[in-house]
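Number of protein chains: 2
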Amino acid sequence: VRIPHADTRLYRVPEGAEVVALVMLSDILPTGFECGVLNGRVAPGSTVAIVGSGPIGLAALLTAQFYSPGQIIMIDLDDNRLEVAKRFGATHTVNASGAEAVKQVLALTGGEGVDTAIEAVGIPATFLTCQDIVAPGGVIANIGVHGAKVDLHLETLWSRNIAITTRLVDTVTTPMLLKTVCAHRIDPKRLITHHFRLDQIQDAYDTFGHAADTRALKVVIEA
Amino acid sequence: VRIPHADTRLYRVPEGAEVVALVMLSDILPTGFECGVLNGRVAPGSTVAIVGSGPIGLAALLTAQFYSPGQIIMIDLDDNRLEVAKRFGATHTVNASGAEAVKQVLALTGGEGVDTAIEAVGIPATFLTCQDIVAPGGVIANIGVHGAKVDLHLETLWSRNIAITTRLVDTVTTPMLLKTVCAHRIDPKRLITHHFRLDQIQDAYDTFGHAADTRALKVVIEA
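Top to bottom, those sequences are chains A and B.
Position 53 (the first sequence) corresponds to 53 in the working numbering; numbering is contiguous.
In short: position in the second sequence from 1, add 223, done, that's the working numbering.
To be clear, the hints were calculated from the coordinates, so they are not data collected in a lab.
For glycine and all other residues, C-beta sits at the position ideal for the given N, C-alpha and C.
There could be a bad hint or two in this list.
Just a few of them, taken from the derived set where beta-carbon distance is under 8 Å, the chain A residues facing chain B [unchecked claim]:
(1) 142
(2) 144
(3) 145
(4) 150
(5) 154
(6) 158
(7) 161
(8) 164
(9) 222
(10) 223
Full structure from sequences and hints, please.
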């Protein structure tokens with residue numbers, strides 16, 4: 001492989017690091033961290049909700065814990081993924097959509113809503129949930145890749161001192177994340193559920209394509 | 224007048240200050256400054272567009288200049304108000320709505336759009352203009368009091384590293400603004416176009432109610 005401008009695009013694998021764990025740093029961890037956690041200003045003791053417990057939402061969940069928030073509420077429709085979220089450090093899980101999810105999050109936060117609502121799906125319904133659960137003064141940090149416009153309820157939000165952020169990951173935090181891996185502050189291998197050899201790649205695609213059944217998060221191909 | 228908790232709600236008029244100028248500090252200047260300029264992160268050399276050249280947009284225009292932005296583009300449909308904006312320090316004015324306004328702002332900014340788009344109207348059309356003129360990495364700072372939801376074009380904005388902010392003025396910056404008035408960094412009296420005695424208050428309402436004809440910005444009632 002020839003890498004143009006490699007001096008500014010590659011990082012040396014730290015001594016003793018497991019290469020397979022570092023595959024998760026190529027974009028999934030920086031995406032959850034930069035677009036969700038940093039933009040969402042997760043802070044010690046704060047309340048966080050992550051809408052979407054897929055690999056990106058889970059990456060946000062893992063990296064949110066760097067900042068010791070008080071509550072991390074994971075919201076999804078798939079109990080398997082919520083169970084994973086619980087093991088990964090979620091303090092609460094909510095299996096519901098729309099108004100029911102909102103009701104549960106408000107109940108968990110004394111009626112106030114969350115300081116940080118991370119959107120990790122990319123559809124109008126989940127972005128709406130974020131608007132309904134964000135507390136006054138809070139942030140909605142969008143990670144989702146949206147294919148359509150969404151409704152923004154400025155008729156209620158105009159006076160609530162909120163911020164909405166978007167970001168395309170640029171991996172500027174990769175050096176920082178490498179340090180957290182070496183210091184055992186985070187174990188990105190937990191996102192890897194399946195391993196395949198290169199000659200099994202068709203099985204790998206099938207496994208990832210039926211994630212609800214196979215419980216696949218991230219699939220690694222080895223030579 | 225009896226003021227509850229006056230110690231935390233009142234400010235002493237600085238010696239030598241003109242009381243009539245300070246009337247503008249009761250909420251119009253802090254609103255433009257806090258919700259527009261501070262939330263919009265106006266910075267030296269940056270490009271700013273203010274959509275709406277009414278009193279609140281003009282208050283944002285006056286206070287944006289504290290931070291020495293490179294361009295301040297005022298957008299409105301009323302030539303009289305744009306003329307005022309020019310006198311108040313706008314570097315450019317655009318009399319247009321929708322796609323035409325967008326085209327002109329992009330031409331003024333080398334095709335990039337603005338670092339800060341301040342929404343000072345409060346309707347879907349002007350919020351849409353802000354989305355169309357904000358540069359990647361920029362901020363849309365909403366001041367407008369909206370009565371209806373708006374379209375948010377996340378299908379284009381999700382990857383553009385933008386922020387959208389809302390805020391209800393809390394006048395926390397009043398002490399700072401008082402200092403800028405005393406230091407002659409800003410002259411809030413410029414927002415006052417008409418003076419009436421208390422017994423002329425009906426005329427004052429009529430004047431303010433027909434601002435397009437009377438060119439009224441702010442009307443002061445004196446005893």
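Right, here's what the structure says about each hint:
1. 142: holds (6 Å)
2. 144: holds (7 Å)
3. 145: holds (6 Å)
4. 150: Where the cut-off is 8 Å and the nearest Cβ of chain B is about 5 Å from residue 150 of chain A, the hint holds.
5. 154: holds (4 Å)
6. 158: holds (5 Å)
7. 161: Nearest chain B Cβ about 5 Å off; hint holds.
8. 164: holds (4 Å)
9. 222: At 31 Å from the nearest chain B Cβ, residue 222 of chain A fails the 8 Å test, so the hint is violated.
10. 223: It is violated, given that the least Cβ distance between residue 223 of chain A and chain B is near 32 Å, above 8 Å.
Figure legend: structure checked against the earlier numbered hints; hints not met, in rising order: 9, 10.
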